[in-house]
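Protein chains in written order, with my numbering: chain E, 2 to 198; chain V, 44 to 165.
Don't read these hints as lab results, they were simulated from the structure. Everything numeric in this text was worked out from a predicted model, so none of it was measured. Backbone N, C-alpha and C define an ideal beta-carbon position, used for all residues, glycine too. Hints are supplied without guarantee of correctness; some may be wrong.
[Stated by the list, open to error] Chain E side only, calculated, beta carbon under 10 Å to chain V, not exhaustive: (1) Leu-24; (2) Ala-26; (3) His-32; (4) Trp-55; (5) Leu-67; (6) Leu-74; (7) Ser-99; (8) Ser-113.
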Amino acid sequence: MRNLGATGFFLERASAILLVFLLAAHFIVIHFQGAGEDAWSHGAIFLRLSSPLWLVFYIIFLSVLLYHGFYGLWGIAVEYVRRVSLLAAIRACLVAVSLALWASGIFILANSQMLLANPPALCYKCHARGSIPSYRAMRFFGLHRPWQGAQTERALENFPASGKDVESAVTDPRLKVLSFTGSATVGWGLKRLACDK
Amino acid sequence: MRYGQKGAQVRRRPGTGFLAFILHRGSGIILAFFILPHLYMLYFLKDPARYEAIRGVFINRMAVRLAGAGLLALVLAHGLNGARVMLLEAGAPSRLQKALFVTALIIGLLLLAAGARLMIAA
Chain E
2 MRNLGATGFF LERASAILLV FLLAAHFIVI HFQGAGEDAW SHGAIFLRLS
52 SPLWLVFYII FLSVLLYHGF YGLWGIAVEY VRRVSLLAAI RACLVAVSLA
102 LWASGIFILA NSQMLLANPP ALCYKCHARG SIPSYRAMRF FGLHRPWQGA
152 QTERALENFP ASGKDVESAV TDPRLKVLSF TGSATVGWGL KRLACDK
Chain V
44 MRYGQKGAQV RRRPGTGFLA FILHRGSGII LAFFILPHLY MLYFLKDPAR
94 YEAIRGVFIN RMAVRLAGAG LLALVLAHGL NGARVMLLEA GAPSRLQKAL
144 FVTALIIGLL LLAAGARLMI AA
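Okay, chain E solo, but in the shape it has when bound (with noise of 0.2 Å):
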């Protein structure tokens, strides 16, 4: 490859060689575990960028994978153009797409330790989507009373409330399930309360 210079091209197989064992345990971790397999669902992706030894793997596997492959295309960009103007296009579109697509696996990856920092409640009366806090906030100013009104095939998650509102929530009979995870003490209450659930 010409005028790619020493750096680029050395640089170039040492992403090759992170590669080998960044792809390695990709693929034993996510795609060799069976296609029906639960390694790459939602639940198990979030629970292992709750990590941050993971967190620090795929920043690294999706820095060395854009260098790799972008600094790829260029080389053979730079054997088959010859002119120069073309070629300085070429490679501000290659840097710009990769930059664009690392911004991207950045914001993902961001995106997730911020839902994993705030998780998200959903509720399927209204189809109102937002963080605990937002809730809080809308249950404070009395714009938002999720149960009220629920249908009994939906379900609400998440559900932040006081005592009191969740009191007269796990008792009304349009709730039919009831799952909890936190204290034995909440948790035997609620059992106390919602003994018909």
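Add chain V to chain E, keeping to what the hints say.
For chain V alone, kept in the frame of chain E given last:
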């Protein structure tokens, strides 16, 4: 296939070197462009229901599972050919290039058989 200077009448049968070059280049280009749809799917992670709906399409269709095995084949073809090129660059005798290609092909087919079995299995 015509080699050498323009106008030369030398005609050769494409050898293993040419085949390896085409495999390496073709798989590299496809894999580079595959990053885009892969990231696009991960974009839906923000919406669990939509992500799981898309994932359901991948799980439930044999054609998509086979495409996954095809992706593994591309990764193996590119990776093993790359290893072969790096060995030759590092000083391995060029007379061994055909043997290296055949070795890479055998290792690739074995890894593909093992990996594809796991990927296609429900």
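Hint-by-hint comparison with the structure:
Annotation: Leu-24/E was flagged as interfacial toward chain V, and the flag holds, the nearest CB pair being 6 Å apart, inside 10 Å. Taken as an interface hint, Ala-26/E does not check out: its beta carbon lies about 13 Å from the nearest beta carbon of chain V, beyond 10 Å. Interface restraint check: His-32/E against chain V, minimum CB-CB distance 5 Å, threshold 10 Å, status holds. Among the interface hints, the one on Trp-55/E is violated; its C-beta lies about 14 Å from the nearest C-beta in chain V, farther than the 10 Å criterion.
About 7 Å separates the beta-carbon of Leu-67/E from the nearest beta-carbon of chain V, less than 10 Å, and the hint is met. At about 6 Å, the closest approach between the beta carbon of Leu-74/E and any beta carbon in chain V falls short of 10 Å, and the interface hint on this residue holds. For the restraint placing Ser-99/E at the interface with chain V, the shortest Cβ-Cβ distance is roughly 9 Å, inside the 10 Å limit, so the hint holds. Interface restraint check: Ser-113/E against chain V, minimum CB-CB distance 6 Å, threshold 10 Å, status holds.
The structure fails to meet hints 2, 4 from the earlier list, while all remaining hints are met.
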